[in-house]
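Enquirer: Assemble the complex: chain W is given as a structure, and chains E and F must be docked to it using the hints.
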Amino acid sequence: MRKAMNEGLIAKEKWWEWVEDKKDRVFLTERAKSRYGKWFPREVKVVKNGKEILLPPGEEVYRYFWTGEKWKIEEGEISASSAFLFSLPCEARAIIEVTDKIFLNNPIDKNYWLRRKSLSLGIMACLQPEPTCFCSSVGGGPFWRDEGALFLVPREDDIYIQGEGELFSFSEGVEEKIKEEIQALQKKAESVLPSLLPSYFPQELYRYFEDEEWNELSWHCINCGACTFLCPTCYCFDLNVEGKLKGFQLRSWDSCMFPKFTLHASFHNPRPTGKERVRQRVMHKFSYFPEREGNFACVGCGVCVEKCPVNWDIREAIERMVEKIDRFRT
Amino acid sequence: MFEKEIRRKSEELLETKTVDMVIGYTSGSLPFQARPVLISSPEDTEQLVWNHFSSPNLARYLLPYRDSSKKIALLAKGCDARAVMVLIQEKQFPRERVHIIGLPCPGMISKTKLEKELGEIKEEDFSFEKDTFLWQGKKWEIFPFLEDTCSRCRYPNPPLYDELIGEKREPWGSSSTDYLEKMNGQSKEERWQFWEEELSRCIRCYACRNACPLCYCKECFAESDLPRWVSGVPTLSDNLFFHLGRSMHLAGRCVECGACERACPEEIKIGLLPLKVEMIIKNNFSFEAGLSLEEDAPLLTYRETDPGEFIK
Amino acid sequence: MKNNWEPKIVAFLCHWCSYAGADLAGISRIQYPPNIRVIRVPCSGAVNPLYILKALREGADGVLVSGCHPGDCHYLSGNYFARRKFFILHELLQWVGIEKDRVQFSWVSASEGQKFSQVVEETVEKVKKLGPAKKLVKEFTFHV
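Note that the protein sequences, when read in sequence, are chains W, E and F. Numbering follows the working numbering, with no gaps: position 32 of the first sequence is 32. Numbering follows the working numbering, with no gaps: position 143 of the second sequence is 143. Numbering follows the working numbering, with no gaps: position 6 of the third sequence is 6.
No lab work stands behind these hints: they were computed from the structure. Just to be clear, a hint being listed does not mean it is correct.
[Said to hold, decoys possible] Restraint ranges, calculated between C-beta atoms of paired labels, are given here:
#: 1; chain 1: F; residue 1: Leu-130; chain 2: E; residue 2: Glu-96; range: 35 to 43 Å
#: 2; chain 1: W; residue 1: Phe-209; chain 2: E; residue 2: Arg-66; range: 25 to 33 Å
#: 3; chain 1: W; residue 1: Trp-66; chain 2: F; residue 2: Pro-132; range: 24 to 32 Å
#: 4; chain 1: E; residue 1: Arg-95; chain 2: W; residue 2: Ile-78; range: 52 to 60 Å
#: 5; chain 1: F; residue 1: Asn-48; chain 2: W; residue 2: Pro-56; range: 28 to 36 Å
[Stated by the list, open to error] As a list, the in silico SDA-like pairs of lysine to any residue whose alpha-carbon atoms are at most 20 Å apart:
#: 6; chain 1: E; residue 1: Lys-276; chain 2: E; residue 2: Glu-197
#: 7; chain 1: W; residue 1: Lys-244; chain 2: F; residue 2: Asp-72
#: 8; chain 1: E; residue 1: Lys-188; chain 2: F; residue 2: Leu-130
#: 9; chain 1: E; residue 1: Lys-17; chain 2: E; residue 2: Pro-31
#: 10; chain 1: F; residue 1: Lys-138; chain 2: W; residue 2: Pro-56
#: 11; chain 1: W; residue 1: Lys-72; chain 2: F; residue 2: Phe-140
#: 12; chain 1: F; residue 1: Lys-135; chain 2: E; residue 2: Trp-192
#: 13; chain 1: W; residue 1: Lys-246; chain 2: F; residue 2: Phe-140
Here the structure is a predicted model, which means the values were calculated and not measured. Backbone N, C-alpha and C define an ideal beta-carbon position, used for all residues, glycine too.
The following block holds chain W by itself, in its conformation from the complex (with noise of 0.2 Å):
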């Protein structure tokens, strides 16, 4: 039903006019930042990822106050005006894939809404892909698009776009030869990516949730939360009231990795060690939560394997458990 897609080359000098008429409401991923950073004016706003702008480290949910003979509440205000968000292709699927299933399925998340709603998203293309990448392990890769997004490849002096927009639309296509430069990069940048996990993995590995294997993974892991407050796609949160009489209720990034993620009111903890919170970091990415909604809860960034200060790397658990259910499958 939908129009043939739209596409076609945009020159330098015009996305230069579009995007300095927008700096004000661009946002650049730090990573898309170091690649692409020549096609954005200085001005435009650096993030770390989507996470960022769409699930803040902090927010207000509620503020509260006794009027003297009662309570009153009232909802924190969010304002969130039309944005564009361009990223790499492993960033921008965290929000399609993993974080939009959250938040805007059944209860819509109404901050998460009103932001996401309002923003753009824009996929650079991975030219380049780092030594730590492995998006095309997890169902992405470095050419991945999505029909809600643009999709930019830059190239010498033009930029391929790919994708709807009231903002471009391409009246003639691209030529042939143009579509096979594409499509040799695209080619080139997969060919230095590890290949798909096995389909059957999210399910097998659950069966070796008491595994031997957990203690020896997670012993150097130092329980810190730098990996899941980097990930583009962790997004659990914590929600605290401060404040007696008058007060605010805060939402704020919360993290497995935590003492008290998990601790219940018994103050009993079924997560007590290092070991329960690395293993339930691993198998709600990888199991869990592509059980349920069809899709890893990894985007192969690679970020928390570059940060990690003890180089605890999350391919290397994956390949050990990948190495182990292949062993004794029949």
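Expert: Showing chains E and F alone in chain W's frame:
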């Protein structure tokens, strides 16, 4: 660089059952990175490495074994051994159960600094020799590439050890007082601006706290609900509160290993705050943590002559 | 508008000396500025540095901590430890950029009602000059 001796010694200790396990470094999954490893059988000692990228503080890994009966051999750099000393003094770990393999520290090199200066680099192209390395046919001094935390190190040699592997060395020249002297000389507004900038980037992931061997409270004050000191939101005031509070809790105990600063994913110079506290204590109470098992901690003692002019 | 601003100062007073001294000031009808909010603690050594930071976080414009004179502590040595702790905290706060006069300390004995009122006057004067506290105050706040 003494890797063979380390492996041999560890193998010996495990075979003779002098220790039940060895905690050391092994090569990581990324170049220029080493990771902590637990070795329990003599054959696995081949995994041990020791190089300029073995930066996490291993004393931290003694903490889960506080209540066990296992004897542990720990590969300890100067700062790590100091941390073990403080843990022993604070009765967190008995001296008899830790066998310290002292390693005079050659200084940890920052991968970021290497990449910034040399561009794209591969680990195979480097060969390290004493305080220099060879790369692309040229000899380079390692000092400019050291992690900030290591370039201000004053105690590379372990003050406590059961055996020493390697040659004792001189500290890297500039004492920590010099490093802070520059900041001490700045105006208060400049320092405030610096800290405002640095701590606005803090996301309160607690990597600094968890990497520290001396932050071992079962419930950290930052996560306490009753009383609640800070909120979960990383606002500037709460970040300041957390870091100032943590520095005060480390007063007289911090061994300036810099594990906190190296762990920070936002690359905030977070080690400067506990360092300043230690400098205050060193200059006024003549005490440095982790150098002697007999000296009492500064906040457990007092003198009649303590500075008191600031009190009306 | 600024002339009407009165600083709010949290005062941690040790029960045995400073609090009694403050009481004596009251009984003797010695006038002193009403800007302080007193929190009675058993000993100046019981004042956790986190209390001082917390007071600043909650919006106090200044903090005063007062205890027994060295040698006269009811618990023998509490104030000695306090002196060391506060020295370190004070130096650290100054180094980070918090104004020196936001957090002040004094030794006031139970018989020094006059001194107490002087200490409070001095404290209030110094904090007034600094203006309202901004640096450590929590961001999530609202006034009804």
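Enquirer: Compare the structure with each hint and give your call.
Expert: Against the structure, the hints:
no., hint, in the structure
1, F:Leu-130 <-> E:Glu-96: 35 to 43 Å, "54 Å, violated"
2, W:Phe-209 <-> E:Arg-66: 25 to 33 Å, "28 Å, holds"
3, W:Trp-66 <-> F:Pro-132: 24 to 32 Å, "25 Å, holds"
4, E:Arg-95 <-> W:Ile-78: 52 to 60 Å, "57 Å, holds"
5, F:Asn-48 <-> W:Pro-56: 28 to 36 Å, "32 Å, holds"
6, E:Lys-276 <-> E:Glu-197, "18 Å, holds"
7, W:Lys-244 <-> F:Asp-72, "38 Å, violated"
8, E:Lys-188 <-> F:Leu-130, "14 Å, holds"
9, E:Lys-17 <-> E:Pro-31, "33 Å, violated"
10, F:Lys-138 <-> W:Pro-56, "18 Å, holds"
11, W:Lys-72 <-> F:Phe-140, "18 Å, holds"
12, F:Lys-135 <-> E:Trp-192, "9 Å, holds"
13, W:Lys-246 <-> F:Phe-140, "12 Å, holds"
Hint violations for this structure: numbers 1, 7 and 9, all remaining hints satisfied.
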